[in-house]
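Undergrad: Here are the chains, one letter per residue:
There are 2 protein chains.
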Amino acid sequence: MKEYVVGIDIGGTNSVFGFVDNKGNCIHKDSIETQLFTNPVEFVATISEKIQKQLVNLPDTIIKGIGIGAPNGNFYNGTIEFAPNLKWKGIVNLTKMFIKHFHTDVLLTNDANAAAIGEMIYGNAKGMKDFILITLGTGVGSGIVVNGKMVYGHDGFAGEIGHVIVYPEGRMCGCGRKGCLEAYCSAKGIKKTYLNFVSGEGKTNEVPEADITPHYIYEKAKLGDALALKTYEYTGNILGLALANSVAYTSPEAIFLFGGIANAGEMLFEPIRKSFEDNLLNIYKDKIKILPSRLKENDAAILGAASLIWNKISNESEK
Amino acid sequence: MKEYVVGIDIGGTNSVFGFVDNKGNCIHKDSIETQLFTNPVEFVATISEKIQKQLVNLPDTIIKGIGIGAPNGNFYNGTIEFAPNLKWKGIVNLTKMFIKHFHTDVLLTNDANAAAIGEMIYGNAKGMKDFILITLGTGVGSGIVVNGKMVYGHDGFAGEIGHVIVYPEGRMCGCGRKGCLEAYCSAKGIKKTYLNFVSGEGKTNEVPEADITPHYIYEKAKLGDALALKTYEYTGNILGLALANSVAYTSPEAIFLFGGIANAGEMLFEPIRKSFEDNLLNIYKDKIKILPSRLKENDAAILGAASLIWNKISNESEK
Chain E
1367 MKEYVVGIDI GGTNSVFGFV DNKGNCIHKD SIETQLFTNP VEFVATISEK IQKQLVNLPD
1427 TIIKGIGIGA PNGNFYNGTI EFAPNLKWKG IVNLTKMFIK HFHTDVLLTN DANAAAIGEM
1487 IYGNAKGMKD FILITLGTGV GSGIVVNGKM VYGHDGFAGE IGHVIVYPEG RMCGCGRKGC
1547 LEAYCSAKGI KKTYLNFVSG EGKTNEVPEA DITPHYIYEK AKLGDALALK TYEYTGNILG
1607 LALANSVAYT SPEAIFLFGG IANAGEMLFE PIRKSFEDNL LNIYKDKIKI LPSRLKENDA
1667 AILGAASLIW NKISNESEK
Chain W
1367 MKEYVVGIDI GGTNSVFGFV DNKGNCIHKD SIETQLFTNP VEFVATISEK IQKQLVNLPD
1427 TIIKGIGIGA PNGNFYNGTI EFAPNLKWKG IVNLTKMFIK HFHTDVLLTN DANAAAIGEM
1487 IYGNAKGMKD FILITLGTGV GSGIVVNGKM VYGHDGFAGE IGHVIVYPEG RMCGCGRKGC
1547 LEAYCSAKGI KKTYLNFVSG EGKTNEVPEA DITPHYIYEK AKLGDALALK TYEYTGNILG
1607 LALANSVAYT SPEAIFLFGG IANAGEMLFE PIRKSFEDNL LNIYKDKIKI LPSRLKENDA
1667 AILGAASLIW NKISNESEK
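Line by line, the protein sequences give chains E and W. With my numbering applied, the first sequence corresponds to residues 1367 to 1685, in that order. With my numbering applied, the second sequence corresponds to residues 1367 to 1685, in that order.
Hints may contain errors.
Any copy will do: because identical chains look the same in the list, a pair fits if it lies in one copy or spans two.
The calculated DSS-like cross-link candidates involving lysine-lysine, where the alpha carbons are at most 30 Å apart (straight line), are [said to hold, decoys possible]: (1) LYS1453 with LYS1368; (2) LYS1653 with LYS1462; (3) LYS1569 with LYS1554; (4) LYS1557 with LYS1462; (5) LYS1557 with LYS1655; (6) LYS1651 with LYS1569; (7) LYS1389 with LYS1678.
If you're looking for bench data, these hints aren't it; they were derived computationally from the structure.
Same shape as in the complex, but just chain E:
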């Protein structure tokens, strides 16, 4: 009898799901448009129906549970709380809604925490007890693992390294404060850095501003564009400093970078590593690895979500 976990990744635009085994194989993926639903009850009913339909194709299967990665997900309460990019306002108990449909274990956490657990179960962090994962995307998120366990904190909201103030009185952040890591190293932040460099040189952009993305800047940098290269160096410098500061909290074995922006490879990793070592306290030097995530990109979010349940099962069997 084959065992699967349903992994669901809820995003502002789309939500994707799939059936994931304990080796990280993901089958029967499907998705629905999150933004079509103003009522979370209808959203859960619709995606549950789609999952049920797929289950018909899996007659000899046991479903061990449902893992959900969601913006502003609270692991303790199984709720999504005040997510700015979703149409559901306030506190939404999504876990309870899914249990009504499936009567199985349902665990929910934010997408960065899910990615970190995914990395531990299926990726480069396998066997590691202490590590940090940073997601670089629309925002900058993080998941912190200490002694083999995800750090959720007193309220379930631990691990917001994207909102650590790196430069007091620095660049305005979407959160309303100034100088957060996210203001510099998110997609928006990197774009802003590039635009600053372009206008600082008195130049104009070759494409409409809306088309300038980290991917565009990456392609320019590959062609040797000085300002694009400078953008990656600037971004890496700041990330390196922020990661060096992070080490002083939980002293991890490694730090993983996850998400499209991290695909820039050495162009980004080289300045990060240099700034990281330069800014580390002596006792930490030359022993912490900065690595890319190894989760297969297309499935990463679903794998991360599903790993919540596989991780629980693995912890229970250790007891």
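Mind docking chain W on chain E? Use the hints.
TA: Just chain W, lined up with the frame of chain E:
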């Protein structure tokens, strides 16, 4: 039969020890001068002899173990590693040396971690699962507790919040880098702030520079001295910012301030709390307590050290 733990606090000048029961009562305290010993083997032999002498006064007692708080103490290895304020150079396996004399459990960690465990076992953090303790003294140290367990990290050196860079390119720190929290909020840092304010106003000090301590500044502030009051506000502002950043890592229920400088009370706590709330990410606002440590000051270091063993016993009985 009464049960005790020997708590030993190793300082650069003196080392103190005492016998501590599981309620936090500390008896038969004694001390030796650490700085007299260039050889750690002789140091351990001498303090062990003193402990043995006291044991004669405690005939009906079981010693459950020895807990040690020491600068640069590594919990995993039981070693003191490259402690700048001790005459013993390199890596010293103090735990092994004590076991030779007493054949009982010996645990060692740095003084700030010991203080945090002490706070959890005997103090204001009793029953708390997630908190941070900051020691304000010659240096700025910290102990981080997550889910009821001390965070030691991959290498045993987690929790160096004093060496998080708060202001990139800021004030020179004793560690050789710039802008660390310790450069502003240690005894030396506070003195520097006060002296900067005095010279900035074109004034001269009323006492020799060597006599200017946080206690002196505190006494002046109590009498309404504007520059002394400004010093506390400046220090509190920076601490508040650094603590707000710290919350984004482990989302604690409370943060405790420990050590002589924290005795300044509301003069320090008020600007800290204001700056803390101002700098917190929205989701954390109005739910984290900033509190003074409750360990009796004279015994605090010994209690912290002893609590290493009592904490181990309590964890074992939970299993």
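Undergrad: None of the hints should be skipped; say for each whether it holds.
TA: Hints and how they fare:
{"no.": "1", "hint": "LYS1453 with LYS1368", "in the structure": "neither (36 Å within a copy, 62 Å between copies)"}
{"no.": "2", "hint": "LYS1653 with LYS1462", "in the structure": "between (43 Å within a copy, 26 Å between copies)"}
{"no.": "3", "hint": "LYS1569 with LYS1554", "in the structure": "within (20 Å within a copy, 48 Å between copies)"}
{"no.": "4", "hint": "LYS1557 with LYS1462", "in the structure": "neither (39 Å within a copy, 56 Å between copies)"}
{"no.": "5", "hint": "LYS1557 with LYS1655", "in the structure": "within (27 Å within a copy, 38 Å between copies)"}
{"no.": "6", "hint": "LYS1651 with LYS1569", "in the structure": "neither (40 Å within a copy, 42 Å between copies)"}
{"no.": "7", "hint": "LYS1389 with LYS1678", "in the structure": "within (15 Å within a copy, 36 Å between copies)"}
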